[in-house]
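Hey, can you work out the whole structure from these sequences and the hints?
Protein chains in written order, with the numbering used here: chain A, 1 to 329; chain B, 1 to 329.
By construction, these hints were calculated from the structure, which means they are not laboratory data. Any given hint could turn out to be false.
Unchecked claim - Here are a few chain A residues that sit away from chain B, every Cβ distance over 10 angstroms (derived from the structure):
1. Leu77
2. Asn90
3. Leu171
4. Ser175
5. Lys245
6. Val280
7. Ala307
8. Val314
9. Tyr320
Claimed, not checked - Think about it this way: if two alpha-carbon atoms lie no more than 20 angstroms apart in a straight line, the pair counts; the simulated EDC-like pairs of lysine to aspartate or glutamate are:
10. B:Lys132 x B:Asp176
11. B:Lys132 x B:Glu88
12. B:Lys208 x B:Glu88
13. A:Lys326 x A:Glu153
14. A:Lys326 x B:Glu153
15. B:Lys326 x A:Glu153
Said to hold, decoys possible - A short list of chain A residues far from chain B (calculated; beta carbon distances all over 12 angstroms):
16. Thr87
17. Ile100
18. Leu321
Ideal Cβ positions, reconstructed from N, Cα and C, are used throughout, including at glycine.
There are 2 protein chains.
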Amino acid sequence: MQLLMVSLNPLATLGVSSSDRSKWKRKSIVTLALTILTSSQAILIVWSKRAGKYEYSVTTANFMVETLKCALSLAALARIWRTEGVTEDNRLSTTLNEVIVYPIPAFLYLIKNLLQYYIFAYVNAPGYQILKNLNIISTGVLYRIILKRELSEIQWAAFVLLCAGCTTAQLNSNSDRVLETPVQGWIMAIVMALLSGFAGVYAEAIMKRRPSRNINVQNFWLYIFGMIFNAIAIVIQDFDAVANKGFFHGYSLITTLMILNHALSGIAVSMVMKYADNIVKVYSTSVAMLLTAVVSVFLFSFHLSLAFFLGSIVVSVSVYLHSIGKLRR
Amino acid sequence: MQLLMVSLNPLATLGVSSSDRSKWKRKSIVTLALTILTSSQAILIVWSKRAGKYEYSVTTANFMVETLKCALSLAALARIWRTEGVTEDNRLSTTLNEVIVYPIPAFLYLIKNLLQYYIFAYVNAPGYQILKNLNIISTGVLYRIILKRELSEIQWAAFVLLCAGCTTAQLNSNSDRVLETPVQGWIMAIVMALLSGFAGVYAEAIMKRRPSRNINVQNFWLYIFGMIFNAIAIVIQDFDAVANKGFFHGYSLITTLMILNHALSGIAVSMVMKYADNIVKVYSTSVAMLLTAVVSVFLFSFHLSLAFFLGSIVVSVSVYLHSIGKLRR
Numbered sequence: 001m002q003l004l005m006v007s008l009n010p011l012a013t014l015g016v017s018s019s020d021r022s023k024w025k026r027k028s029i030v031t032l033a034l035t036i037l038t039s040s041q042a043i044l045i046v047w048s049k050r051a052g053k054y055e056y057s058v059t060t061a062n063f064m065v066e067t068l069k070c071a072l073s074l075a076a077l078a079r080i081w082r083t084e085g086v087t088e089d090n091r092l093s094t095t096l097n098e099v100i101v102y103p104i105p106a107f108l109y110l111i112k113n114l115l116q117y118y119i120f121a122y123v124n125a126p127g128y129q130i131l132k133n134l135n136i137i138s139t140g141v142l143y144r145i146i147l148k149r150e151l152s153e154i155q156w157a158a159f160v161l162l163c164a165g166c167t168t169a170q171l172n173s174n175s176d177r178v179l180e181t182p183v184q185g186w187i188m189a190i191v192m193a194l195l196s197g198f199a200g201v202y203a204e205a206i207m208k209r210r211p212s213r214n215i216n217v218q219n220f221w222l223y224i225f226g227m228i229f230n231a232i233a234i235v236i237q238d239f240d241a242v243a244n245k246g247f248f249h250g251y252s253l254i255t256t257l258m259i260l261n262h263a264l265s266g267i268a269v270s271m272v273m274k275y276a277d278n279i280v281k282v283y284s285t286s287v288a289m290l291l292t293a294v295v296s297v298f299l300f301s302f303h304l305s306l307a308f309f310l311g312s313i314v315v316s317v318s319v320y321l322h323s324i325g326k327l328r329r
Numbered sequence: 001m002q003l004l005m006v007s008l009n010p011l012a013t014l015g016v017s018s019s020d021r022s023k024w025k026r027k028s029i030v031t032l033a034l035t036i037l038t039s040s041q042a043i044l045i046v047w048s049k050r051a052g053k054y055e056y057s058v059t060t061a062n063f064m065v066e067t068l069k070c071a072l073s074l075a076a077l078a079r080i081w082r083t084e085g086v087t088e089d090n091r092l093s094t095t096l097n098e099v100i101v102y103p104i105p106a107f108l109y110l111i112k113n114l115l116q117y118y119i120f121a122y123v124n125a126p127g128y129q130i131l132k133n134l135n136i137i138s139t140g141v142l143y144r145i146i147l148k149r150e151l152s153e154i155q156w157a158a159f160v161l162l163c164a165g166c167t168t169a170q171l172n173s174n175s176d177r178v179l180e181t182p183v184q185g186w187i188m189a190i191v192m193a194l195l196s197g198f199a200g201v202y203a204e205a206i207m208k209r210r211p212s213r214n215i216n217v218q219n220f221w222l223y224i225f226g227m228i229f230n231a232i233a234i235v236i237q238d239f240d241a242v243a244n245k246g247f248f249h250g251y252s253l254i255t256t257l258m259i260l261n262h263a264l265s266g267i268a269v270s271m272v273m274k275y276a277d278n279i280v281k282v283y284s285t286s287v288a289m290l291l292t293a294v295v296s297v298f299l300f301s302f303h304l305s306l307a308f309f310l311g312s313i314v315v316s317v318s319v320y321l322h323s324i325g326k327l328r329r
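Have a look at this one:
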């Protein structure tokens, strides 16, 4: 280490090291924010389920989330314009060449969400929760193939463990039924995992394509298309309910908190994509899943199962292996 | 690799490489033998349980196992004496200094087996199966402390995964009861794991203390003390049954096969201790546990649970990590 500190140009060395440290700090903060927001998101869902059935239209809530994210991005931009002035990197106007790829993640999620309604013909809800862990594997594979970023052997092993550990932690007495899923269910689950992984990887590619571009501008355009696609979803799925009962029917305090939370976690995901990567996102949401269960013990007097402990051990070892398994070139 | 093949003395290089290869081959064969014998042992136990209750005294069966191992070691020695003559390394006579440590593993197992009767006051049999996985951790820790052999960070992580994976594979709907084990049960389980780990590590120390000593002589003395301690166990636990119903009461074909199998696996364990180590033994018996379950699907139409699949994945990754995690010095 000391050897590395010696350089022909001490200032340059200092510069790189302090910039690396600030990058690492920013990466840590956005990861932590995503973990905490994802945990509290799951806790809000449990709370809202305890409080009663979902009486609002999920599609309108999703639309509100996109709108709120858009508004927050604009507010952040307005502040930046006031202090830094309008530059090439933070101006809102865009070119067709830049914006053409922005609808893709939102479009992929739309298809995935539509498929979600059909998979329940083959798999029950707890089974779907188990199958969703396939996302972990699909994200890793697509990250490797599309973004061409390499993971070391140990990091691949850690990724398989993350998937196995998360699934183990979610096991309960009915989990074995998922093994009876018909082949159509498996195919749909795999397609949905690929769509979700592809959307994530694509979002990362967009955010990193032009590193100097202000993240709030990138978010604004992403969320604009999110609003459009969610408006389409309202028309397809909930037109009658919205027309008869109104857009905001069934909204409660919890609904509002959930929308706020989803908006903030959405922004945190964007930041993780820009300043870290999809792998960090997957680890962050997996650890959040475990945190949620632990917090639920205190909030809702949940019981933790032996499977949960074992899964948590495997996930922890996976996090450890991922961190020590960095490629040495 | 090609660079390594070049040497000032090609014959010496060839000698080392061929000796290394023959060592590796011997290590693989004894490991494979232990894995197959351990699997078939578990299958015989399932078969005997299906065939009816244990009607024989377990202590007399254990005594017969030790006697058979002793006889097989003597038979092997007799053959070696005929072909190679009696040498310093293969003569049966011993010194007090050599033999004084031989009773220790058998004595530790005796205490462990006696404790086994008391732990069932606190834990049920399936719970005990789960707690027995603590052996994996205790063996790793004692291997490190007593034999002073180092494992790399990755190998330690692999060892924790092996324990978690084996436990996961054994999970069933009643497993959560083990979390209600009272503190006395936990203490006894930990003490038993330490006794068992200590016995294994001690046996390895004995086998490797004098590498040139013929393994059959070492086995002979180990098993002589095994016979003595099992004779004591017969007197303590089954004196009445043996006095009234005879030594071989309740023996059947399965009992005979089980004794034969235990004797052969006992010899395989000794060979693994001499030519490989405790870590290899733990991996071998863990993989055997998974093999047993898979074979049982065909033999006894067992159903494999999702937990079994997940545990198997974790164990497989652990084996992989152990093999790539070798210390590079």
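Cross-check of the supplied hints:
1. Leu77: Given a closest Cβ separation of 45 angstroms, the condition holds.
2. Asn90: The claim holds: Asn90 of chain A sits with its nearest Cβ about 44 angstroms from chain B, beyond 10 angstroms.
3. Leu171: The assertion about Leu171 of chain A is violated, with a minimum of 6 angstroms to chain B.
4. Ser175: The claim breaks: Ser175 of chain A does not keep its Cβ more than 10 angstroms from every Cβ of chain B (closest is about 5 angstroms).
5. Lys245: Nearest chain B Cβ is 41 angstroms from Lys245 of chain A, so the label holds.
6. Val280: 20 angstroms, holds
7. Ala307: The assertion about Ala307 of chain A is violated, with a minimum of 6 angstroms to chain B.
8. Val314: Check fails; 5 angstroms does not lie beyond 10 angstroms.
9. Tyr320: 6 angstroms, violated
10. B:Lys132 x B:Asp176: 15 angstroms, holds
11. B:Lys132 x B:Glu88: 40 angstroms, violated
12. B:Lys208 x B:Glu88: Holds: Lys208 of chain B and Glu88 of chain B sit about 16 angstroms apart, inside 20 angstroms.
13. A:Lys326 x A:Glu153: 9 angstroms, holds
14. A:Lys326 x B:Glu153: With a Cα-Cα distance of about 14 angstroms, the restraint between Lys326 of chain A and Glu153 of chain B holds, given a limit of 20 angstroms.
15. B:Lys326 x A:Glu153: Given that 20 angstroms is the threshold and the Cα spacing comes to 14 angstroms, the pair holds.
16. Thr87: 46 angstroms, holds
17. Ile100: 41 angstroms, holds
18. Leu321: Not fine: 6 angstroms to the nearest Cβ puts Leu321 of chain A too close to chain B.
Checked against the numbered hints above, the structure violates hints 3, 4, 7, 8, 9, 11 and 18; every other hint is satisfied.
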